[in-house]
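**Q** Based on the sequences and whatever the hints tell you, model everything.
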Amino acid sequence: MDKYRINHLKELEAESIYVIREVAAQFENPVMLFSGGKDSIVMFHLARKAFWPAKVPFALMHVDTGHNFPETIEYRDKLMEETGAKCIVEYVQDSIDSGKAVEEKGFNASRNKLQTVTLLDGLEKHKFDAAMGGGRRDEEKARAKERFFSHRDEFGQWDPKNQRPELWNIFNGKKHMGEHFRVFPISNWTEMDVWQYILMESIPLPSLYFTHEREVFNRDGVWMANEPCMTLKPNEKIEVKQVRCRTIGDVTCTGLTLSTANTLEDIIQEVASTRTTERGGRADDKRSESAMEDRKREGYF
Amino acid sequence: MSGKASGYLDMELLRFTTAGSVDDGKSTLIGRLLYDSKAIFEDQMEAIEKASERSGHEEVNLALLTDGLRSEREQGITIDVAYRYFATPKRKFIIADTPGHIQYTRNMVTGASTANVALILVDARQGVLEQTLRHAYIASLLQIPHVIFCINKMDLVNYDQITFETIRKDIDAVASKLSVKDIRFVPISALNGDNVVDRSEKMDWYDGPTLMYLLENIHISSDINHDNFRFPVQYVIRPQSKEWPDYRGYGGRLASGAIKVGDEVTVLPSGFSSKVKSINLMDEQLEYAFAPQSVALTLEDDIDISRGDMLVKTNNGQPQVGQDVDVMLCWFNERKLIPRGKYVLRHTSAEARCMVKDIQFKMNINTLEKDLDDKDISMNDIAKVSLRVTKPLFFDSYNVNRITGSLILVDEGTNETVAAGMII
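For the record, the sequence lines run as chains A and B. So the first sequence is numbered by my numbering: it starts at 368 and just counts up by one. So the second sequence is numbered by my numbering: it starts at 4 and just counts up by one.
Treat the hints as calculated values from the structure; they're not laboratory data. Glycine is no exception: its CB is placed at the ideal position from the N, C-alpha and C atoms. Accuracy of the hints is not assured; some may be wrong.
So, partial list: chain A residues that the calculated Cβ filter (under 10 Å) puts toward chain B [as the list claims (entries may be wrong)]: (1) Trp419; (2) Asp505; (3) His543; (4) Val583; (5) Ile635.
BS3-like mimics (lysine-lysine), calculated; alpha carbons at most 30 Å apart, straight line [to be verified]: (6) B:Lys53 with A:Lys528; (7) A:Lys528 with B:Lys205; (8) A:Lys542 with B:Lys339; (9) A:Lys422 with B:Lys180; (10) B:Lys316 with A:Lys377; (11) B:Lys245 with A:Lys453; (12) A:Lys377 with B:Lys278; (13) B:Lys280 with A:Lys377; (14) A:Lys370 with B:Lys278; (15) B:Lys172 with A:Lys422; (16) B:Lys345 with A:Lys542; (17) A:Lys422 with B:Lys263; (18) B:Lys53 with A:Lys600; (19) B:Lys378 with A:Lys422; (20) B:Lys93 with A:Lys377; (21) B:Lys245 with A:Lys480; (22) B:Lys378 with A:Lys528; (23) A:Lys528 with B:Lys387; (24) B:Lys280 with A:Lys370; (25) A:Lys377 with B:Lys263.
Simulated coverage check for chain A against chain B, where a stretch passes if three residues somewhere in it have a Cβ under 8 Å from a Cβ of chain B [unchecked claim]: (26) 372 to 378; (27) 383 to 393; (28) 446 to 456; (29) 472 to 485; (30) 529 to 538.
**A** The structure is reproduced here in structure tokens:
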């Protein structure tokens, strides 16, 4: 019966809303991680749907590396103001200043790995017992084996070989004191699903996702933004190009795509015809074959 | 919206599971489906090429695509369930790729629990093996509506029709003992792509559909139970704001059936009745809702309802209510089932404690025979047991409702999920 049919996006939406409500019901003090990227924007949109007309019954947390695109912060603050949600910001700089994290050196220095320290400290400080993240299984091969409800020990570590079986739509969020969960409500979404959903729901995005003129330079075949936190090598020169972000991390690890895509429709066309994964531009994944698995084991997003 | 951007609004979601061992070509088949549907990107392909070179393979090893964890790559085996995604203009597919060895039965069960379709690979040279039987049994136990047997490596038996027909007959004989609603057979060569996406020129005797055609067209919208409305209450939404001082919504996902504004509902366990006042999904006011949608319902009357309660339609079939349930249990944990042991039980949004009262039999999943004497239930075993629950559950038989008929057991000491149960 066609009357009782929903398309794949509505089915993914229903699944994610179910997962988010399950988190609110099973945990005492959950938090939703928010980076200002499209995945966390969609996740937050789903959370608003899950509890409407009530406000989202948990806080958001942004782990701020200090190396942000200004557009991301602007977008974040405006969104919080419009929705009445609360966003806690934890700074990697604070972890460095207190000696818990050590800044990497050299041209490819990134605070990406240091975020884990700040994240785990933030969870402990606020006594969060579950942290929802916008990770998707299609992003990377270690993520393909991640559960919706992912158990972490008292060190925040992931043990991929000892994961709880997860069947039907029954989630087991039971844990001992000091342990927590990472929950991934949009596990089953692909990059394409996220874009199509943003279009279907007319969700506003940071301007970085659309084409704009920017000062960039080319490092190892990837276009990087010329922002104050970047140091150029002698052979690298600044050019002005029409670019956009396909994925937004912090400035040091976000590769820009040469693109003239100006609308969501353009972006969807572009994604459909692209021949590299969105993390292909992410310097943080290129470090080794199991870079993501190693970071996840330590407690990364 | 332009053509390409709006086309996705008609796409359906299909979840399928694949079970198989190292040698039967499962990884090659998945690689083929991903590759032919252009779901493999250049940088992924480059990474696999590099990895294949490092581990000494002459050709690109597509299996490396699915082996995600370092220990899996080192050992060359799949340990855990891996989820893969691809899409064609008609459907989005989610593959739960599971290892096929007997010691990974629990992973197969996990992958099967949400699947619409099971792909079972059979090596044409070997025919029906113990493993084929085991996979078919799990598909039937988990009530996967459609099972497609891919008779693979047809290239190694000269694309011989008789070989295919013999295997088909052997499986049919076994299938008559199982309860699978829809069984299909496709002769393929995953390696060469015969009958996977494109029709094989070498098997003109086969006039059935290709595997991809089946995956794209198999009728799945009737797999969902649209008969009896079941709404486990997941979360009570009370804004208590100036704008919404009295709003009281019940958040949940329809487990089955449909509901419309004005329908009379009964609340379990209290037994009170009321009418549906509104169905909300954010600011959308829906006239009706159906499984598997997530919505919020408001009722005409103010009744005390909380998480773990269930709303059902007053005028159609009611669930069973009781503290004694018989289940087919699949055991997941290294610590064995303790007879008369106590566990936490989770069923829909309800949680209770339960005791394993009786172990009726253990299933030999290689011969499909019941063993009435062996009561030793350890990891990967499947057994029929009787549970006594501390409070009444509202349930249906798993055969008619995969959501209200399923449960898990959690160890009270370790908090691990130790078993999955299907209510008989």
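**Q** Has the given pair, Lys93 (chain B) with Lys377 (chain A), been kept, meaning a C-alpha gap of at most 30 Å?
**A** Given pair Lys93 (chain B), Lys377 (chain A) holds - Cα atoms ~15 Å apart, limit 30 Å.
**Q** When you check the alpha-carbon spacing of Lys422 (chain A) and Lys263 (chain B), does it fall within 30 Å?
**A** Status holds; Cα separation ~26 Å.
**Q** Tell me if the straight-line CA distance from Lys53 (chain B) to Lys600 (chain A) falls inside 30 Å.
**A** Roughly 28 Å between the alpha carbons, so the hint for Lys53 (chain B) and Lys600 (chain A) holds.
**Q** Using a Cβ cutoff of 8 Å, are there at least 3 residues of the segment 529 to 538 of chain A near chain B, or does the coverage claim fail?
**A** With 8 residues in contact (Cβ-Cβ under 8 Å with chain B), the coverage given for the segment 529 to 538 of chain A holds.
**Q** Verify the proposed pairing of Lys528 (chain A) with Lys205 (chain B), using a straight-line Cα cut of 30 Å.
**A** violated, 43 Å
**Q** Closer than 8 Å, Cβ to Cβ, for at least three residues: run that test on the segment 372 to 378 of chain A against chain B and report holds or violated.
**A** holds (count 7)
**Q** Hint validation: His543 (chain A) versus chain B, beta carbon distance must be below 10 Å. Holds or violated?
**A** holds, 7 Å
**Q** Need the status of pair Lys280 (chain B), Lys377 (chain A): alpha-carbon distance at most 30 Å?
**A** Within the cut-off at roughly 23 Å; holds.
**Q** Does Lys422 (chain A) lie within 30 Å of Lys172 (chain B) when you go C-alpha to C-alpha?
**A** violated, 59 Å
**Q** Would you check the hint for Lys245 (chain B) and Lys480 (chain A), treating anything up to 30 Å between C-alpha atoms as holding?
**A** The hint is violated at about 44 Å.
**Q** Regarding the pair Lys528 (chain A) and Lys387 (chain B), is the alpha-carbon distance no greater than 30 Å?
**A** holds, 28 Å
**Q** Take a quick look at whether Lys377 (chain A) and Lys278 (chain B) sit within 30 Å of each other, Cα to Cα.
**A** Answer holds: Lys377 (chain A) to Lys278 (chain B) is near 26 Å, not above 30 Å.
In this structure, the earlier hints numbered 4, 7, 9, 15, 19, 21, 28, 29 are contradicted, and the remaining ones agree with it.
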